[in-house]
Amino acid sequence: MPLKFGIEFVPNNPYWKLTAYAMIAEKQGFNNLWVTDHYGNRNVYVNLTAAALFTSKITFGTGVTNPWMVNPVITAQAIASLNELAPGRVVLGMGAGDKTTLEAVGIEMGKPMAAVNEAIQIFRKLTAGETVAMQGEVFKTAGAKFNFKIKNKIPVYVGAQGPKMLEMAGKIGDGVLVNASHPSDIGFAVKMAGEGIKQAGRKPEEVDIAAYTSFSISEDAKKATKAATPVVAFIVAGSAPAVLEKHGINPGKADEIRNALKAGNFPAAIGAVTPAMIDAFSICGTPDTCMTKIAELKKIGIGQFVCGSPIGPNVKQAIDLIGEKIIPQFQK
Amino acid sequence: MDYAKLVEMVPPEQWGPLSERLIGVILGAKNDKIPNSVANTILMDMKNGITASKKGLTNLMEVAVVLDVENTIIALGEMKLLNVAAEVIQS
Chain X
16 MPLKFGIEFV PNNPYWKLTA YAMIAEKQGF NNLWVTDHYG NRNVYVNLTA AALFTSKITF
76 GTGVTNPWMV NPVITAQAIA SLNELAPGRV VLGMGAGDKT TLEAVGIEMG KPMAAVNEAI
136 QIFRKLTAGE TVAMQGEVFK TAGAKFNFKI KNKIPVYVGA QGPKMLEMAG KIGDGVLVNA
196 SHPSDIGFAV KMAGEGIKQA GRKPEEVDIA AYTSFSISED AKKATKAATP VVAFIVAGSA
256 PAVLEKHGIN PGKADEIRNA LKAGNFPAAI GAVTPAMIDA FSICGTPDTC MTKIAELKKI
316 GIGQFVCGSP IGPNVKQAID LIGEKIIPQF QK
Chain Z
18 MDYAKLVEMV PPEQWGPLSE RLIGVILGAK NDKIPNSVAN TILMDMKNGI TASKKGLTNL
78 MEVAVVLDVE NTIIALGEMK LLNVAAEVIQ S
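So the protein sequences, as listed, match chains X and Z.
Note that the first sequence ends on residue 347 in our numbering; no numbers are left out.
Note that the second sequence ends on residue 108 in our numbering; no numbers are left out.
FYI, nobody ran anything at the bench for these hints, they're computed from the structure.
Every value quoted in this text rests on a predicted model; they were computed, and no experiment measured them.
Don't take each hint at face value.
[What the hints assert, rightly or not] With a cut-off of at most 30 Å between alpha-carbon atoms, the simulated DSBU-like pairs for lysine-lysine come out as follows: (1) X:Lys32 x Z:Lys97; (2) X:Lys19 x X:Lys314; (3) X:Lys32 x Z:Lys47.
[Unchecked claim] Examples of chain X residues lying across from chain Z (beta carbon under 7 Å, computed): (4) Thr34; (5) Phe69; (6) Lys331.
Yeah, the Cβ is synthetic: ideal placement off N, Cα and C, and Gly gets one too.
Just chain X, with the same shape it has in the complex (with noise of 0.2 Å):
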């Protein structure tokens, strides 16, 4: 089976900017659009709808949201409605969220199992015409219930990284958003989601197994591994030291890079990154190099390659790359 491609935005500039790139991208061929949530930038829900109305094919979904943010009656009422713009088109993605962004608005991360679970309950009865009476562990509703019918199936993607998550996402999920880059972690991911999909009784092509990778491309190696720096320098300083270790990082240069990153010091936090970050953390060099990975993760079973950010240092040049050198070799 062909190899599908999507590729994240970030709504960290004026919409016109991702609508024109989400334009492009459907010219290039590629599948899905994933734009990012996260409050500090413009509303996902805002820059989607102006990918829908400037693009036909594509289809596009929230990479991800989560269900602390907003009430997960309000998010699918946002998905059921941008399916009306683009029928058939609309994905709903769906994470446990992030810790410290959640923190920063006072809302308590607890259960996010329990939370992710039950809120992709709530949108499958909202968005199949049914009454929504749940008493979760979570979440709580009494009767609620759309005015208006969707007439498709909105699939849904889980968001996951550690192995329940990635267990349950192949219980429950149309597609699973894994937030990795390196083949050992994928690789991980797919056997993980692979027990829930065998618990489930599902069949493995039911379930989209997507890498959500950071991604930089140029035909300059140097500029697309500069690219991609202070993205992985990012993804350091979050990780876990039981990942770190797993890619053979000394944590202590994890927390350099964090502390560096906490006191705003960029250059510190970006001069600490190591080759072993970037090998470990994200896909990036020339068109040649990108594509022996990207082919070494579809062996291991992945359904989806989402190029996500920075892309590449230049971003309308790399999704041209991509789209001209990549995802042709895919399609045979």
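Given chain X, put chain Z in place with the hints provided.
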């Protein structure tokens, strides 16, 4: 500056490649302060596939010059459109 006249100075066979370069300049510009109506016009031109037409290229040229004149001149120079680059510099 008469942007339509600038476009007339560009050989039609270069309208396609130049439109792609100018879209790159616009999207890569640090300055993103353009009126929404202008941004929407560019988006509509892209959607309708007319960025390489005279009208579309004129719109792109104007926005590129407003947002990032330096990289617009570089793009024109790299495409050997030196007379057009010179016009932009002089105005």
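Check your understanding: Which of the listed hints are broken here?
Key -> none
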